[in-house]
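Chemist: Generate the whole structure from the sequences, applying the supplied hints.
Sequences listed follow chains A and B, in order.
Under the numbering used here, the first residue of the first sequence is numbered 1, with each subsequent residue one higher.
Under the numbering used here, the first residue of the second sequence is numbered 1001, with each subsequent residue one higher.
These are calculated hints, taken from the structure and not from any lab test.
Since the model is a prediction, treat every value here as computed from it, not as a measurement.
Check before you lean on any hint, since a few could be wrong.
As the list claims (entries may be wrong) - Derived BS3-like pairs (lysine-lysine); straight-line CA-CA distance at most 25 Å: (1) A:K27 with B:K1027; (2) A:K9 with B:K1200; (3) B:K1009 with A:K200; (4) B:K1195 with A:K191; (5) B:K1129 with A:K9; (6) B:K1009 with A:K129; (7) B:K1009 with A:K191; (8) A:K9 with B:K1195.
Said to hold, decoys possible - Coverage of chain A stretches by chain B, computed from C-beta distances (three or more under 8 Å per stretch; other residues unrestricted): (9) 5-14; (10) 50-57; (11) 66-75; (12) 111-118; (13) 130-139.
In this text, a Cβ means the ideal position worked out from N, Cα and C, and glycines have one as well.
There are 2 protein chains.
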Amino acid sequence: MASEDRFRKNFINSITGFKSVALIGTKNESGTSNLAIFSQIFHVGANPPLIGIVFRPNVVARHTFSNILATKYFTINHLTEDFVNKAHHTSARWEGSEFQHCGLSEIYLEDFPAPFVGESQLQIGCSFKERLDVQSNGTHILIGAIERVNLIENAIGEDGFVDLQQLGTLTSAGLDAYYATELVDRLSYAKPGHKPTSIKKS
Amino acid sequence: MASEDRFRKNFINSITGFKSVALIGTKNESGTSNLAIFSQIFHVGANPPLIGIVFRPNVVARHTFSNILATKYFTINHLTEDFVNKAHHTSARWEGSEFQHCGLSEIYLEDFPAPFVGESQLQIGCSFKERLDVQSNGTHILIGAIERVNLIENAIGEDGFVDLQQLGTLTSAGLDAYYATELVDRLSYAKPGHKPTSIKKS
Chain A
1 MASEDRFRKN FINSITGFKS VALIGTKNES GTSNLAIFSQ IFHVGANPPL
51 IGIVFRPNVV ARHTFSNILA TKYFTINHLT EDFVNKAHHT SARWEGSEFQ
101 HCGLSEIYLE DFPAPFVGES QLQIGCSFKE RLDVQSNGTH ILIGAIERVN
151 LIENAIGEDG FVDLQQLGTL TSAGLDAYYA TELVDRLSYA KPGHKPTSIK
201 KS
Chain B
1001 MASEDRFRKN FINSITGFKS VALIGTKNES GTSNLAIFSQ IFHVGANPPL
1051 IGIVFRPNVV ARHTFSNILA TKYFTINHLT EDFVNKAHHT SARWEGSEFQ
1101 HCGLSEIYLE DFPAPFVGES QLQIGCSFKE RLDVQSNGTH ILIGAIERVN
1151 LIENAIGEDG FVDLQQLGTL TSAGLDAYYA TELVDRLSYA KPGHKPTSIK
1201 KS
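Modeler: Printed below as a string of structure tokens:
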């Protein structure tokens, strides 16, 4: 039965497609930091800038959920191949801060209350906005507002596009697979009767 | 101001990371089919198997939203490079069925009521379960139950893992960028005190 359960988890987690994997940094009310890897982060809106995170019930990462509700701030830190093993290791059931246990740099920027990951090339500071509960299986969704973004300025295109491949940001699939990416194309805004054309900058 | 708005959309849509892009097939109550590209599909749970889709307010894809609420069934169809231009074209404001306008095959499997995309190498049939409304910006989230999955059997590993790279499934970022992927690694289940090791099948 355990093997059947593992098969099902791998299979269902794979088929929903590639995911935006990142490390989420928080603090609890006593000031202890926490770092956990999440692969269910999604865009909710650009104006105001909002993101969503899925928290499955009874998963290891429940500290992140309770910390966000208690202290209202969190950070999202993209992953590169350099530290993917350390990032994956945050999903173990650690006592105390995963920053120290997994060898990742806990940094603070100006007066933002939640910790960022020093190794990360794209860091986002967020505040808690809203909680949604999925009745079908007890999953929770938290909505956060993007308060600040830290990345190197020359990674931002003239039109606002950030090429995540150039930054080395990984994507994930299934429960444990990490992938690098290669741009196939950027396509023009779609209109009826006009086939989309490439707008890739070479 | 329009250029500032476009910059903001590109920027915020980019930084949330890679997305699981797919075509969603539906029918309205009169039987007219609809096909639309979505990049906000996320895993909600494996048992029961549930997925979520984000619908931003006032976007082109609102037919998909109303069709799912009216007819209760929809399909999720992964994209490959072969037909990414046709898939992107479904986001234009078409009258009538995008299958025909964009040159994609509308197929029906057994008695499943929603249309699948014949070109797609991984097709998922879903039923509507639940609707959540995001108060912060009027966005809607629909939760669906996975009813059936169509893919070639030898794409499924012994442990249930489906290698999306081998299937050619794309990921997207920003508003208009499509990426192929390359496996960096699969990592072992994380435990305190033991560094994760590669479980990649060569």
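Chemist: Holds or violated: are the alpha carbons of B:K1009 and A:K200 at most 25 Å from each other?
Modeler: Within the cut-off at roughly 17 Å; holds.
Chemist: Below or equal to 25 Å on CA atoms is what counts here, so check B:K1129 against A:K9.
Modeler: holds (20 Å)
Chemist: For a C-alpha distance cap of 25 Å, please report whether A:K9 and B:K1200 respect it.
Modeler: It holds: about 17 Å lies between the C-alpha atoms, which stays within 25 Å.
Chemist: If you count the residues of the region 5-14 of chain A with a beta-carbon closer than 8 Å to a beta-carbon of chain B, do you get 3 or more?
Modeler: holds (count 10)
Chemist: CA of B:K1009 to CA of A:K191, is that 25 Å or under?
Modeler: With Cα atoms ~18 Å apart, B:K1009 and A:K191 stay inside 25 Å; holds.
Chemist: Under a C-beta cut-off of less than 8 Å, do 3 or more residues of the region 66-75 of chain A approach chain B closely enough to confirm the stated coverage?
Modeler: With 0 residues in contact (Cβ-Cβ under 8 Å with chain B), the coverage given for the region 66-75 of chain A is violated.
Chemist: Decide if the proposed pair is consistent with the structure: B:K1195 and A:K191, CA atoms, cutoff 25 Å inclusive.
Modeler: violated (50 Å)
Chemist: Please work out if A:K9 and B:K1195 have their alpha carbons no farther apart than 25 Å.
Modeler: Cα-Cα ~23 Å, so holds.
Chemist: Holds or violated: A:K27 and B:K1027, Cα atoms, limit 25 Å.
Modeler: Distance of about 47 Å is beyond 25 Å: violated.
Chemist: At least three residues with a C-beta closer than 8 Å to a C-beta of chain B: is that true for the region 130-139 of chain A?
Modeler: holds (count 7)
Chemist: Establish whether the coverage given for the region 50-57 of chain A by chain B is satisfied; the threshold is a Cβ-Cβ distance below 8 Å, and no fewer than three residues must meet it.
Modeler: holds (count 5)
Chemist: Between B:K1009 and A:K129, is the straight-line Cα distance small enough, at 25 Å or below?
Modeler: The given pair, whose Cα atoms are some 20 Å apart, holds under the 25 Å limit.
Checked against the numbered hints above, the structure violates hints 1, 4, 11 and 12; every other hint is satisfied.
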